[in-house]
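Each protein sequence line maps, in turn, to chains Z and G. Taking UniProt numbering, the leading residue of the first sequence gets 1, the next gets one more, and so forth. Taking UniProt numbering, the leading residue of the second sequence gets 1, the next gets one more, and so forth.
In short, the hints are calculated from the structure, not lab data. Please note that the accuracy of each hint is not assured.
Dumping the calculated EDC-like pairs for lysine to aspartate or glutamate here, alpha-carbon to alpha-carbon at most 16 Å [as the list claims (entries may be wrong)]:
#1 Lys126/G x Asp64/Z
#2 Lys126/G x Glu68/Z
#3 Lys126/G x Glu102/G
#4 Lys25/G x Glu82/Z
Just so we're clear, the structure is a prediction, and the values are computed from it rather than from any experiment.
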Amino acid sequence: MLDLPLFGSKIPAGFPSPADDHLEATIDLNQQYVRHPAATFFVRVQCHSMINAGIHNGDMLVVDRSLEAKSGSIVIAVVNGELTVKRLIKNLEGVWLMPENPDFQPLQIRDSMELHVWGVIAHVIHSLQP
Amino acid sequence: MFAIADCNNFYASCERVFQPHLNGKPVVVLSNNDGCVIARSNEAKTLGIKMGAPYFKIEKYAKQEGVAVFSSNYALYGDMSQRVMHVLSRYAPNVEVYSIDECFLDFSGMPYNLTDYCLDICTIVKQCTGIPISIGIAPTKTLAKLANRLAKKGCSPSGPVLDWRTLPSAETVLESVPLDDLWGISRRWSEKLNTIGIHNALALRDSNPKEMRQHFGVVMERIVMELRGISCIPLEEMPPAKKQILTSRSFGEKLTVFDDLRSAVTHFAARAAEKLRRQNLATQALTVFIQTSPFDSSRPQYSNSATTEFDIPTNDSAQLINSAHHGLQRIFRKGFSYQRAGVLLPDLLPASVVQATLFDSANNLDRSEQLMAALDTINRRHGKKSIRYASEIISNKWHMRQQFKSPSYTTNWRELLTIQI
Numbered sequence: 001m002l003d004l005p006l007f008g009s010k011i012p013a014g015f016p017s018p019a020d021d022h023l024e025a026t027i028d029l030n031q032q033y034v035r036h037p038a039a040t041f042f043v044r045v046q047c048h049s050m051i052n053a054g055i056h057n058g059d060m061l062v063v064d065r066s067l068e069a070k071s072g073s074i075v076i077a078v079v080n081g082e083l084t085v086k087r088l089i090k091n092l093e094g095v096w097l098m099p100e101n102p103d104f105q106p107l108q109i110r111d112s113m114e115l116h117v118w119g120v121i122a123h124v125i126h127s128l129q130p
Numbered sequence: 001m002f003a004i005a006d007c008n009n010f011y012a013s014c015e016r017v018f019q020p021h022l023n024g025k026p027v028v029v030l031s032n033n034d035g036c037v038i039a040r041s042n043e044a045k046t047l048g049i050k051m052g053a054p055y056f057k058i059e060k061y062a063k064q065e066g067v068a069v070f071s072s073n074y075a076l077y078g079d080m081s082q083r084v085m086h087v088l089s090r091y092a093p094n095v096e097v098y099s100i101d102e103c104f105l106d107f108s109g110m111p112y113n114l115t116d117y118c119l120d121i122c123t124i125v126k127q128c129t130g131i132p133i134s135i136g137i138a139p140t141k142t143l144a145k146l147a148n149r150l151a152k153k154g155c156s157p158s159g160p161v162l163d164w165r166t167l168p169s170a171e172t173v174l175e176s177v178p179l180d181d182l183w184g185i186s187r188r189w190s191e192k193l194n195t196i197g198i199h200n201a202l203a204l205r206d207s208n209p210k211e212m213r214q215h216f217g218v219v220m221e222r223i224v225m226e227l228r229g230i231s232c233i234p235l236e237e238m239p240p241a242k243k244q245i246l247t248s249r250s251f252g253e254k255l256t257v258f259d260d261l262r263s264a265v266t267h268f269a270a271r272a273a274e275k276l277r278r279q280n281l282a283t284q285a286l287t288v289f290i291q292t293s294p295f296d297s298s299r300p301q302y303s304n305s306a307t308t309e310f311d312i313p314t315n316d317s318a319q320l321i322n323s324a325h326h327g328l329q330r331i332f333r334k335g336f337s338y339q340r341a342g343v344l345l346p347d348l349l350p351a352s353v354v355q356a357t358l359f360d361s362a363n364n365l366d367r368s369e370q371l372m373a374a375l376d377t378i379n380r381r382h383g384k385k386s387i388r389y390a391s392e393i394i395s396n397k398w399h400m401r402q403q404f405k406s407p408s409y410t411t412n413w414r415e416l417l418t419i420q421i
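Throw the hints in and build the complete structure from the sequences for me.
Structure, rendered in structure tokens:
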């Protein structure tokens, strides 16, 4: 037994919307916050050491590896194989990884340590929902 | 001028991006079901761990030597591959993605010092993706592959990049290259070449191309010409359209019960349908197959397949699953230990050419399309297994053994890299 339809297509009715001529593409967050998709990684933070820079425990970081790490950039750094999020400071006295929380100590990078920048943090996503 | 960019120890490198403490340490990646070694870091190669070594044979040695062992994580490798290819495609007018970790670049007419240019590309790919690559440059694809191989072996003064034209003596190099190391030369061919007195790449280059063509066919003639620096193998920019889709797998443990197999086959059909829709294709038929282990001669063997043809080409999950179930019912026999099953879609068409027949309502087609679109969107947004057909989850006995799989850092919100200090 087959169900045969009476009409195969829908017939549009009514006036066209006056807004039709003004339609634009909807806002896409990727456009604004993921400038370099191939180099962008999302990373979750589980620490309090950067709280004064607006990075809270549980926040998500948008890391853009194509950005150059300058003195003052907040970066994900690899120190002796371990990942950490800190502010990178380079000056005449040396290279430092600075926390943004008085309970944590700055870390000076000495010659015996291995440091490389994993990526520069471009944005922080902080959710207000539980 | 061609170049080939090749990711160094790609799978191991992907794992290291997210676990940087593994840099400088031996890493291996295992095949499906944690069967055997399919990728090794240089340190693991130095330890003497062989490609294809069964895991149970090296397990003890690997533990003792502190080797980091991973199950293969294709979600991660696929995503990282796309990133690398995306960055590479910015540096040449035309590229051909040759495999998950290799890409040919067309440098014809580029006036630069290509060694410096490619060193920059290596640096940028490493910075953006974390993946180290090597690049071979040459007038032909065959020589570019060879240059890449030499660069990987540390034979280039420019580190990860080698431009074939900068070699002081191409002859000396070619003479030291065994035939097996050449692109497109199989072991069988190299043995046959040996019997006619050709033992290395130089001898092959200087052989008579017409004679080679008579003995081996046009492919060998092209290789000879390419070794002479005359390009015969062009860049293939458009991958040939997929003619068929196969989803199939060996099971972690052998299956004997119908429901377990049914669950596996449901999964294969559902994945095949997803692949179809992603490529805007529809299939005209579905083949389901099951087989016992061909290597286990102590037990009775059986294999069979069943094919269903569709009145209208389809990419509807429900329809594909349904026909996979019917097929399985027809071929399943009790009393066998099944080691493998799969679903093959043998004959594909662009979905756009699919026409409704007189007796199938356009509404039904519409409804199926909308349902499938919703299914794909949800699974894309919330992870692959958010919505599944019930018959898929009745059993999980058929799942792969993946004891050491790393998180899907880049493709699943719940598995992101986590920073704790």
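Taking the hints in turn, this is what the structure says about them:
no.: 1; hint: Lys126/G x Asp64/Z; in the structure: 13 Å, holds
no.: 2; hint: Lys126/G x Glu68/Z; in the structure: 13 Å, holds
no.: 3; hint: Lys126/G x Glu102/G; in the structure: 15 Å, holds
no.: 4; hint: Lys25/G x Glu82/Z; in the structure: 14 Å, holds
Comparing the model with each numbered hint stated earlier shows that all of them hold.
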